[in-house]
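Each residue of the sequence shown is one higher than the one before, starting from 262 at the first, in this note's numbering.
Fair warning: there could be bad hints in the mix.
Label-pair ranges, simulated between beta-carbon atoms [as the list claims (entries may be wrong)]:
1) P314 / E462: 26 to 34 Å
2) K263 / V332: 42 to 50 Å
3) K334 / P486: 18 to 26 Å
4) A422 / S376: 22 to 30 Å
5) P486 / S376: 16 to 24 Å
None of these hints come from the bench; they were simulated from the model.
Beta carbons: idealized from backbone N, C-alpha and C, even for Gly.
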Amino acid sequence: MKHLIVTGDDFGRSHEVNEAIERAYGAGFLTQASLMVNEPCVEEAARIAARHPALCVGLHLTLCDGRASSVSKLTNAAGEFCASPARAGWRYAFRPSLVEPLQHEIRAQFDRFRSFGFAPTYWDGHAHLHLHPTILRGTLPIAVEHRFRAMRLVREPGSWALLPQIFERLSRSAIPALQRHAIAFVDYTFGLRDTGRITTEIASRILQNLPDGVSEFYFHPGAEPGEIDYARLLSLLADREITLRTSLPPPTAR
Numbered sequence: 262m263k264h265l266i267v268t269g270d271d272f273g274r275s276h277e278v279n280e281a282i283e284r285a286y287g288a289g290f291l292t293q294a295s296l297m298v299n300e301p302c303v304e305e306a307a308r309i310a311a312r313h314p315a316l317c318v319g320l321h322l323t324l325c326d327g328r329a330s331s332v333s334k335l336t337n338a339a340g341e342f343c344a345s346p347a348r349a350g351w352r353y354a355f356r357p358s359l360v361e362p363l364q365h366e367i368r369a370q371f372d373r374f375r376s377f378g379f380a381p382t383y384w385d386g387h388a389h390l391h392l393h394p395t396i397l398r399g400t401l402p403i404a405v406e407h408r409f410r411a412m413r414l415v416r417e418p419g420s421w422a423l424l425p426q427i428f429e430r431l432s433r434s435a436i437p438a439l440q441r442h443a444i445a446f447v448d449y450t451f452g453l454r455d456t457g458r459i460t461t462e463i464a465s466r467i468l469q470n471l472p473d474g475v476s477e478f479y480f481h482p483g484a485e486p487g488e489i490d491y492a493r494l495l496s497l498l499a500d501r502e503i504t505l506r507t508s509l510p511p512p513t514a515r
């Protein structure tokens with residue numbers, strides 16, 4: 262059996278992203294959206310979600326390349342994080358003085374997510390920094406406290422470049438802690454190798470080679486090279502007998 266979760270990342274970042282996510286959901290292809298709670302168009306994103314109550318909305322924890330809940334040691338004077346995920350990750354790993362402000366920021370983003378009225382569902386991370394060991398250690402107790410049920414792991418079959426391998430190792434390392442806290446995760450995640458470059462052809466290739474089990478395909482509506490042909494992809498899903506679903510919650514892989 263093949264099950265697929267389709268996620269639109271960066272919900273709330275801009276009007277264009279919000280519109281594209283709503284179009285993808287309205288077309289019947291996208292099943293969930295990951296919300297950046299401190300970005301300029303987050304209120305518009307919340308209104309879109311209210312119009313579509315079956316759309317699963319999760320938290321897109323943002324600790325680089327975005328806005329913080331408040332100015333701190335993590336940010337510049339304007340409350341903006343370091344734009345580079347690599348630099349941000351290095352700082353979080355080797356500057357113990359940032360652990361406490363990280364905790365405050367993570368909690369603030371979970372609290373703000375819930376303040377919009379969203380149920381606790383899943384979380385992931387902008388640039389996948391949620392898999393950073395320091396961040397994961399700080400996030401898990403807060404996520405459990407808020408009763409979140411699932412987290413994205415980044416394990417993309419057939420990706421042998423350095424970055425996918427780093428995320429594969431980080432994902433493997435996260436599994437024992439997730440299982441201890443009964444946090445669900447899918448078997449495979451697709452979208453990393455072609456992030457920011459997803460086209461209908463690339464999405465079709467991914468779907469044609471989808472393995473058995475529960476997979477997540479994520480992309481960035483409104484920021485990809487062009488509009489994806491959702492009707493074509495839905496036809497392909499039907500031909501391949503792939504079931505679309507949300508993460509409420511997916512079966513936990515072992």
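Evaluated hints:
1. In this structure the hint that P314 and E462 lie 26 to 34 Å apart at CB holds, the actual value being about 33 Å.
2. Between K263 and V332 the beta carbons are some 46 Å apart, a value that agrees with the proposed interval 42 to 50 Å.
3. Our hint of 18 to 26 Å for K334 and P486 is violated, since their Cβ atoms are close to 37 Å apart.
4. Roughly 39 Å separates the CB atoms of A422 and S376, a value that falls outside the hinted 22 to 30 Å.
5. Range check, P486 to S376: about 35 Å between beta-carbon atoms, so the 16 to 24 Å window is missed.
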